[in-house]
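J.: The listed protein sequences derive, respectively, from chains A and B. Position one of the first sequence corresponds to residue 157 (the working numbering), numbered consecutively onward. Position one of the second sequence corresponds to residue 157 (the working numbering), numbered consecutively onward.
In case anyone wonders, no lab produced these hints; they're calculated from the structure. Do not rely on the hints blindly, as some may be mistaken.
You can't tell identical chains apart in this list, so a pair holds if it fits in one copy or across any two.
[As the list claims (entries may be wrong)] With a Cα cut of at most 25 Å, we get these calculated SDA-like pairs of lysine to any residue:
no. : residue 1 : residue 2
1   : K631      : Q234
2   : K674      : L351
3   : K620      : N703
4   : K496      : T681
5   : K679      : R458
6   : K674      : S580
7   : K744      : Q234
8   : K559      : R502
Number of protein chains: 2
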Amino acid sequence: MIKTRRFRPSCPVRPCWFRNESVIKTVLASGLAIFTVFAAGAESTIEQWGRFELALNGPTNSNPFVDVKFSARFRQGQSETEASGFYDGHGIYRARFMPDKPGEWHYLTVSSSPELNGQTGVFTVTGPAARNHGPVRVANTYHFAYADGTPYQELGTTCYVWQLQPEALQEQTLKTLATAPFNKLRFCVFPKRYLWNTNEPILYPFASGPGVPPVSFSQDRSGGSAERRHLTVLPPASPGSNHSLETHGQAARATTNWDFARFNPLYFQHLERRIADLQQLGIEADVILFHPYDGGHWGFDRMPADADDRYLHYVVARLAAYRNVWWSLANEWDFMKEKKESDFVRFGEIVSRDDPYHHLLSIHNGSLIFNHTLPWITHASIQNGSAVEDPGRAELYRDVYRKPVVYDEVKYEGNIESRWGQLSAEELVFRFWNSTVAGTYAGHGETYQSDDQILWWSKGGVLKGQSPPRLAFLKQVLDDAPAGGIEPVDRWQDPRCGGQSGKYYLIYLGKEKPASWKFTLPKSTTAAGVAPADGMKFTVEILDTWNMIVMPVKGVFTLKKTDNYSYADKDGRSVPLPGKPNMAIRIKRVNE
Amino acid sequence: MIKTRRFRPSCPVRPCWFRNESVIKTVLASGLAIFTVFAAGAESTIEQWGRFELALNGPTNSNPFVDVKFSARFRQGQSETEASGFYDGHGIYRARFMPDKPGEWHYLTVSSSPELNGQTGVFTVTGPAARNHGPVRVANTYHFAYADGTPYQELGTTCYVWQLQPEALQEQTLKTLATAPFNKLRFCVFPKRYLWNTNEPILYPFASGPGVPPVSFSQDRSGGSAERRHLTVLPPASPGSNHSLETHGQAARATTNWDFARFNPLYFQHLERRIADLQQLGIEADVILFHPYDGGHWGFDRMPADADDRYLHYVVARLAAYRNVWWSLANEWDFMKEKKESDFVRFGEIVSRDDPYHHLLSIHNGSLIFNHTLPWITHASIQNGSAVEDPGRAELYRDVYRKPVVYDEVKYEGNIESRWGQLSAEELVFRFWNSTVAGTYAGHGETYQSDDQILWWSKGGVLKGQSPPRLAFLKQVLDDAPAGGIEPVDRWQDPRCGGQSGKYYLIYLGKEKPASWKFTLPKSTTAAGVAPADGMKFTVEILDTWNMIVMPVKGVFTLKKTDNYSYADKDGRSVPLPGKPNMAIRIKRVNE
């Protein structure tokens with residue numbers, strides 16, 4: 157229910173809320189669809205963690221992206237959130253809000269422009285719909301959960317610039333994701349120019365020079381140096397604009413002098429549409445804000461500092477109300493040779509300050525790991541394939557950061573020449589399991605050579621590898637595990653053993669091929685676990701992680717302390733194993 | 157040469173230097189011996205990085221440890237150092253200085269007491285003696301060197317409270333160290349009460365209650381609950397002292413109410429003597445300022461914050477001028493349950509601020525690793541035995557901290573029941589080699605059960621294990637390696653390979669037992685190395701790290717690029733190996 161009405165004060169310290177009492181135009185965003193209502197008194201409901209959107213007509217003279225300050229304050233009781241607004245072209249200014257509580261919310265606009273200042277209104281927020289669990293947050297120090305407490309078992313993949321490929325390919329990517337096991341997708345805001353990705357994007361993020369309109373290309377799928385372009389331009393801006401976005405007959409080129417002070421709203425509207433598409437699939441969008449795969453071709457990797465900062469303010473103002481957004485400050489931050497480490501600290505502080513909802517915020521490394529102890533970093537996003545070759549390695553970063561560790565790049569399943577893109581599916585699945593029992597998370601990517609130059613890791617399309625079904629099996633195992641996350645149980649002693657002490661254990665044997673496993677549990681107690689004790693009873697299952705088979709072991713195992721460090725079965729039983737690699741042992745407490 | 161003369165101003169902004177123009181009493185510290193001269197005009201020389209000591213008579217009323225502020229400023233040209241002074245009993249106040257440059261130095265005292273304020277003088281510093289290389293500093297980000305640039309190949313051991321054992325045992329420890337390979341010793345300022353160490357110390361750091369003198373025990377060597385104590389007390393303080401340190405007939409006990417505001421100078425004089433003894437042996441003293449092995453027995457692990465801070469100021473004022481001092485804020489900081497993490501941050505800031513020479517400063521963990529990214533931490537001191545079971549693990553902390561990583565506790569060679577004290581010598585040596593090729597440093601400790609309860613790790617004495625000669629062999633290898641330190645050459649790819657690219661490689665095969673090794677070098681370039689290139693020539697030696705044998709391989713190996721990542725010998729040669737574990741391959745560039 158949305159009502160436009162006079163705001164009734166309950167907080168006398170905020171008189172500015174009443175500078176403009178006119179009935180205003182409101183916009184409502186419900187669920188995934190954003191629809192703009194320019195009429196007073198429109199009624200509807202918005203769900204908790206949905207997007208409320210306020211759209212107002214404002215000035216179009218000068219440069220609206222730079223010259224007009226606009227934000228909105230959203231209030232319920234004592235809780236108030238200020239959301240930055242943004243200019244969306246055509247004289248329209250928007251401010252978005254993701255309410256975290258149901259009930260009646262009030263808003264007040266604040267602007268340097270009288271037209272946009274002091275607008276007030278009220279709307280009603282209902283409880284979340286069935287599949288809406290809110291944004292993902294850090295839970296239990298090392299793990300994740302949705303805002304409503306539902307565990308989020310992170311399983312990500314990467315398609316760096318899927319949304320900048322031809323429309324049909326984007327749709328194919330979404331179709332693939334709909335049945336894949338992944339619940340996070342890493343991708344870049346800016347276009348990418350790199351091996352297997354030398355085609356121009358379908359859109360550009362900035363206007364191409366002062367007074368020049370933002371342009372949009374729909375491109376053929378041959379990739380490479382595509383010359384046959386179809387130019388799309390924004391419709392003319394409202395009359396009276398000094399710097400209207402006029403149509404322009406010349407295609408933007410890579411060498412264009414971009415006007416970093418004028419965004420292309422179409423570019424970001426498209427990005428938002430794709431983020432909303434992912435949300436509908438239950439997939440988190442790990443939005444990469446900067447990356448080095450430009451190399452000066454467009455120059456988005458070497459904008460001046462004020463342009464970088466304005467870009468961040470703009471992106472956060474646009475996207476923060478999408479509940480499935482995560483911020484990744486950069487991919488391979490240290491490979492951006494035009495930036496200093498201190499620039500990324502500034503970027504992180506901007507995003508952290510601007511984002512009223514404190515979405516997950518990380519930064520991904522090339523060879524130099526960022527200082528993930530900084531307070532605004534929510535989790536360590538790490539590229540290091542070697543770290544997940546062994547759970548004893550994977551665990552070490554947890555101790556250092558005391559935050560969730562996500563190995564967002566562990567090398568890719570594929571067959572390209574580069575050694576980062578030629579893992580076997582078996583090796584990739586092995587790395588996922590290592591990261592799992594270490595209490596961390598790994599990321600998927602796929603780089604199979606292809607005549608059409610479409611590699612999943614860069615452009616999306618279809619998955620060709622053998623790991624996704626095995627990762628779906630792993631996901632099932634994780635979904636079946638107790639809430640609170642897998643912890644390394646016998647840290648710094650036996651890295652193969654993850655779980656929650658006294659409740660649940662997952663022992664991953666990796667490349668070992670034993671014919672049996674002596675039933676032994678460490679005495680250690682984990683954060684979400686209980687102390688093991690004599691007499692506790694457990695069932696055992698053998699998981700063939702490659703062939704995706706669960707084999708229950710007959711009978712029940714009963715704990716008996718053996719020494720100062722461990723418990724065995726009271727009858728000294730062992731678990732017979734098939735003598736093959738990729739076995740895990742799942743041990744669950746029997747309810748007594 | 158030391159001269160006492162009127163100070164000639166060169167810095168007009170410091171008029172305070174001239175508040176007292178009287179000819180003053182000076183003290184000279186030369187080399188290791190500190191001798192106090194209370195006469196004007198005494199002449200001698202002090203070497204660079206030696207200790208200059210100024211001793212003045214001052215007030216003895218009230219509590220001199222607390223009520224008198226005293227420091228000295230030492231100046232040469234534009235360089236000035238302020239060193240805090242300290243009260244050393246008997247009405248004597250001292251300030252010490254470690255000059256880092258030869259030539260003429262001037263000093264001026266600053267004090268809240270008129271007697272101690274405004275004293276000036278001048279003395280001459282000569283170049284360092286032959287075995288004096290200055291304090292150890294961080295070098296090349298991950299390594300260490302003495303201040304004069306001489307590489308310092310860190311090889312430490314641990315005798316936590318060796319200096320608090322009976323005199324004869326202390327002497328035996330020094331005798332053992334004189335022929336052992338170690339160039340660093342970790343030990344605690346405070347006494348320790350723990351397994352195999354329940355005897356009382358020979359001295360206590362504080363007076364036992366207001367007006368009660370500090371006490372000293374010389375104890376029999378039976379350990380445990382020694383009852384036969386010989387009491388030593390400080391001589392009477394100078395007449396006129398309100399709080400003189402009178403003789404006292406009663407032995408201090410564990411349950412004593414310590415007066416944390418009155419130090420026992422004897423305790424610290426003794427500590428200093430032992431630090432000087434180590435210096436003479438070329439051994440760095442890694443002084444552990446706090447530890448949990450008190451458990452409230454004496455209560456030094458749970459002093460109030462003001463007592464902690466005063467203790468730190470006092471210790472730093474006393475010890476900072478010893479060039480071989482390192483500060484270890486704590487052993488197993490997180491096991492000190494009476495302290496918060498923020499306390500240790502405060503401690504670190506105090507030590508860092510007080511120490512004019514910025515000696516190496518670290519903090520050692522139990523199970524919770526400290527935030528070693530903090531700027532005042534010079535190197536990561538880490539307890540984690542599992543991290544050095546694999547060089548691929550050992551290396552990971554380097555990337556995180558971008559500082560030297562010293563694994564100060566990797567479990568100990570020994571045969572006690574605790575799993576941290578029962579490594580075989582072979583396993584300990586294996587861990588040292590892993591840490592070496594990973595570009596990090598490991599620490600030694602020994603815990604062999606003994607009828608006399610004297611375990612090296614706690615009390616010193618004699619070494620009984622098999623690892624020390626192997627560590628001496630490792631030390632020889634390191635001393636032979638090029639300056640600048642061993643770096644992981646093919647980081648995140650092949651952790652077995654350390655060295656300096658294009659110059660020197662050390663490939664450690666650990667528990668592998670291959671019959672041959674295909675000569676292959678990675679293409680990577682390390683910080684102190686050069687890029688490998690076709691035609692470069694190398695000699696190869698096989699090192700049996702356990703049997704301490706160097707086996708040269710016949711002929712010369714010539715590089716030829718094989719693929720995008722590596723070089724092999726141009727003729728595809730392999731290196732024959734004995735098929736035994738613990739082999740390393742040393743590869744040195746041939747001078748052409």
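J.: Hints the structure violates: just list their numbers, smallest first.
T.: Violated hints (numbers, rising): 1, 2, 5 and 7; every other hint is consistent with the structure.
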